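A.B. asks: Spelled out from the first residue to the last, the chains are:
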Amino acid sequence: MQEATTPPVIGVAEYEEWFESFEAAARRSLAQRLKFAFVRTYKPVMDDATFRSFDTMDDYRRFCDTLPEWLGYGRV
Amino acid sequence: MAGFEYEQAQRVAETFEKHGVRYLLIGKSGAIVLGYPDTTQDVDVYVEKTPENGEALVEALLELGFPLQQREQDEIRRGKDFVQIRTGPFDIDLVFAPDGIEAFEDAFGRASEIEGIHVCSIDDIIRSKEASGRQKDRESLPRLRAFREWLSTQGRKDRSSSSE
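Chains as they are written, first to last, in the numbering used here: chain A, 14 to 89; chain B, 195 to 358.
Calculated directly from the structure, the hints in this document are not laboratory data.
Computed from a predicted model, the values in this text were never measured in an experiment.
Hints may contain errors.
To be verified - Dumping the calculated EDC-like pairs for lysine to aspartate or glutamate here, alpha-carbon to alpha-carbon at most 20 Å:
#1 A:Lys48 <-> B:Glu199
#2 A:Lys56 <-> B:Glu333
#3 B:Lys243 <-> B:Glu253
#4 B:Lys330 <-> A:Glu36
#5 B:Lys330 <-> A:Asp71
#6 B:Lys330 <-> A:Glu27
#7 B:Lys243 <-> A:Glu27
#8 A:Lys48 <-> B:Asp275
#9 B:Lys212 <-> B:Glu249
#10 B:Lys243 <-> A:Asp71
#11 A:Lys48 <-> B:Glu309
#12 A:Lys48 <-> B:Glu201
#13 B:Lys243 <-> B:Glu201
#14 B:Lys330 <-> B:Asp268
#15 B:Lys243 <-> B:Asp275
As the list claims (entries may be wrong) - In silico contact screen, one side only, chain B against chain A (beta carbon under 7 Å); selected entries:
#16 Pro231
#17 Thr233
#18 Pro336
Glycine included, every Cβ here is placed at the ideal spot set by N, Cα and C.
Take these sequences, add in the hints, and give me the full structure.
C.D. replies: In structure tokens, the structure reads:
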């Protein structure tokens, strides 16, 4: 079984599908792209404070390491 | 809370311009403005870390409707590396020192302006995600690199059509 930290291997078909999605996106206006791109989803812990600030990016990364692992914010 | 739509993006660009905020969209939101098809929930803004820019940024955010408390305003002015705000008209992350990018001025020189919005280059967006070491960034990198490759073919197409 592939470990979660292993970068995925990309197949030709998937690559072609991505290129098609890029072509399709290029045919949309910026207004359309933004309309469908920003989707509000609640992220536990991360979204439970209205304001957070960190003196350094290291402090921020350490905070991210405390978030639920499945959110994907932790360092590999 | 509303999403981040075109009118809002334009208003941000205009308000930042009015207050002289030096900024670049970065992260997935920046890539989306460049044409990358994906979803995200917050706007990541790379802001130049200077006292003048911090002051301008606070004024601009207040005008945009972010209800910043005095303490929060002071923290932004003081120059943190990362600030996350979830009380405004849209979710915003202010990044003053993104991983993988040495200097704002250099990133600004490589950036694009799309419909008035300043956006990091795709190289810088990828570089910052490579340097962050986060699981979610690592997973998004293959598709972002493919997008960079696709963008470069568009540049070649543009050059060949303009030389015809």
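A.B. asks: Take the hints in turn and mark each one as holding or not.
C.D. replies: Here is what the structure says about each hint:
1. The straight-line distance between the Cα atoms of A:Lys48 and B:Glu199 is roughly 5 Å, inside the 20 Å bound, and the hint therefore holds.
2. Only pairs whose Cα atoms come within 20 Å are accepted, and A:Lys56 paired with B:Glu333 is accepted, the gap being roughly 18 Å.
3. Under the criterion of a C-alpha separation no larger than 20 Å, the hint pairing B:Lys243 with B:Glu253 is consistent with the structure, at around 15 Å.
4. A hinted pair counts as satisfied when its Cα atoms are at most 20 Å apart, and B:Lys330 with A:Glu36 does not qualify at roughly 24 Å.
5. As the CA atoms of B:Lys330 and A:Asp71 are separated by approximately 17 Å, the hinted pair is consistent with the 20 Å bound.
6. Distance check on the hinted pair: B:Lys330 and A:Glu27 sit about 19 Å apart at the alpha-carbon level, within 20 Å; holds.
7. Distance hint between B:Lys243 and A:Glu27 is unfulfilled; the C-alpha atoms sit about 40 Å from each other, more than 20 Å.
8. Between A:Lys48 and B:Asp275, the direct Cα distance comes to roughly 29 Å. Violation of the 20 Å bound is thereby established for this hinted pair.
9. Of the pairs offered as hints, the one joining B:Lys212 and B:Glu249 holds, with about 13 Å between alpha carbons and a cut-off of 20 Å not exceeded.
10. A distance of roughly 17 Å separates the Cα atoms of B:Lys243 and A:Asp71; the hinted pair therefore holds under the 20 Å criterion.
11. Among the hinted pairs, A:Lys48 with B:Glu309 is consistent with the structure: their alpha-carbon atoms are about 15 Å apart, no more than 20 Å.
12. Straight-line distance between C-alpha atoms of A:Lys48 and B:Glu201 comes to about 10 Å, which keeps the hinted pair within the 20 Å bound.
13. Annotation: proposed proximity of B:Lys243 to B:Glu201 is violated, straight-line Cα distance about 27 Å (limit 20 Å).
14. Proposed proximity of B:Lys330 and B:Asp268 is contradicted: the alpha carbons are some 31 Å apart, above 20 Å.
15. For a cut-off of 20 Å, the pair hint linking B:Lys243 to B:Asp275 stands: about 8 Å separates their Cα positions.
16. Annotation: interface hint on B:Pro231 holds; nearest CB of chain A at approximately 4 Å, less than 7 Å.
17. This hint holds: B:Thr233 has a C-beta 5 Å from the nearest C-beta of chain A, less than the 7 Å allowed.
18. Annotation: B:Pro336 was flagged as interfacial toward chain A, and the flag holds, the nearest CB pair being 5 Å apart, inside 7 Å.
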